[in-house]
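Engineer: Listed below, chain by chain, are the residues.
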Amino acid sequence: DAKTTQPTSMDCAEGRAANLPCNHSTISGNEYVYWYRQIHSQGPQYIIHGLKNNETNEMASLIITEDRKSSTLILPHATLRDTAVYYCIVERGDTNAGKSTFGDGTTLTVKP
Amino acid sequence: GAGVSQSPRYKVAKRGQDVALRCDPISGHVSLFWYQQALGQGPEFLTYFQNEAQLDKSGLPSDRFFAERPEGSVSTLKIQRTQQEDSAVYLCASSLVLGIYGYTFGSGTRLTVV
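Chains as they are written, first to last, in the numbering used here: chain G, 1 to 112; chain F, 1 to 114.
Pulled out of the complex, with its shape left as it was, chain G reads as follows (with noise of 0.2 Å):
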């Protein structure tokens, strides 16, 4: 599975787009992107993915270049429960699927 690169730690003022990055510049033409964070204490939670369109759900949006190795997460309006790890992932949509590293994640700070 292809391998991701994220930034340790963003911060972001309350209110404002919060904008997490993520490289996956070996990604395969049938894996997907996911994202899911992570508050203390307890797991990961999705929040969004995509294949090769943008996209959007009540929770954040899903830029994915044209190019597919890189994409953006996009919280709209940061709040302060938003401060959370980010992971930005790569899987297939069959049996390998679920075996991917989440690596460290992005620490987003959402401050008041």
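Rather than coming from a laboratory, the hints here were simulated on the basis of the structure.
It is possible that part of the hints are untrue.
Here are some, though not all, of the chain F residues that point toward chain G, as calculated from beta-carbon distances under 7 Å [as the list claims (entries may be wrong)]:
#1 A20
#2 A38
#3 E44
#4 F45
#5 S87
#6 A88
#7 F105
#8 T112
Subject to a maximum C-alpha distance of 27 Å in a straight line, what follows is the list of computed DSS-like cross-link-like pairs (lysine-lysine) [said to hold, decoys possible]:
#9 G:K99 x F:K11
#10 G:K99 x F:K14
#11 F:K57 x G:K3
#12 G:K52 x G:K99
#13 F:K78 x G:K99
Here the structure is a predicted model, which means the values were calculated and not measured.
Backbone N, C-alpha and C define an ideal beta-carbon position, used for all residues, glycine too.
On the provided structure of chain G, position chain F as indicated by the hints.
Structural biologist: Quick look at chain F alone, frame taken from chain G:
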């Protein structure tokens, strides 16, 4: 149930003791995964079930680790003769359709070996 339930929430074991960690996935979820998360690190894959079949156990760190899902629903992760390096949070996740939907994780079991 509404979510993935794991028990116990916390477990303290003496070195050399056997432990069993339980995972109740969301009803109807075919796929079930176990992850190990060390302090300050991301989750690492341990093993994967599709229904009762264990399709991948390549992430289990040693033969002291054993997982089962005999009826395709509840799963148990067993660790024999626990060592200090086994101290971690053990996360269970389930999914309805493999690779298409995101996984729903439980809150994990924090194992401390003393």
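Engineer: Hint by hint, say whether it matches the structure.
Structural biologist: Consistency of the hints with the structure:
1. Contact between A20 (chain F) and chain G, as hinted, is not supported at the beta carbon level, the nearest pair being about 19 Å apart and thus beyond 7 Å.
2. With a least beta-carbon distance of about 11 Å to chain G, the hint placing A38 (chain F) at the interface is violated under the 7 Å criterion.
3. Annotation: E44 (chain F) was flagged as interfacial toward chain G, and the flag holds, the nearest CB pair being 6 Å apart, inside 7 Å.
4. Below 7 Å, beta-carbon pairs count as interface contacts, and F45 (chain F) has one with chain G at about 5 Å; its hint therefore holds.
5. Among the interface hints, the one on S87 (chain F) is violated; its C-beta lies about 16 Å from the nearest C-beta in chain G, farther than the 7 Å criterion.
6. Taking 7 Å as the C-beta contact cut-off toward chain G, the hint placing A88 (chain F) at the interface is violated, the least distance being around 13 Å.
7. Interface restraint check for F105 (chain F): the shortest CB-CB distance to chain G comes to about 3 Å, inside 7 Å, so the restraint holds.
8. A distance limit of 7 Å between C-beta atoms decides the matter here; for T112 (chain F) the minimum to chain G is near 14 Å, and the interface restraint is violated.
9. Restraint check for K99 (chain G) and K11 (chain F): satisfied, since their Cα atoms lie roughly 26 Å apart, inside the 27 Å limit.
10. Annotation: proposed proximity of K99 (chain G) to K14 (chain F) is violated, straight-line Cα distance about 30 Å (limit 27 Å).
11. With a C-alpha separation of about 20 Å, the suggested pairing of K57 (chain F) with K3 (chain G) holds against the 27 Å cut-off.
12. Of the pairs offered as hints, the one joining K52 (chain G) and K99 (chain G) holds, with about 21 Å between alpha carbons and a cut-off of 27 Å not exceeded.
13. For the hint pairing K78 (chain F) with K99 (chain G), the CA-to-CA distance comes to about 20 Å; that is within 27 Å, so the pair holds.
In this structure, the earlier hints numbered 1, 2, 5, 6, 8 and 10 are contradicted, and the remaining ones agree with it.
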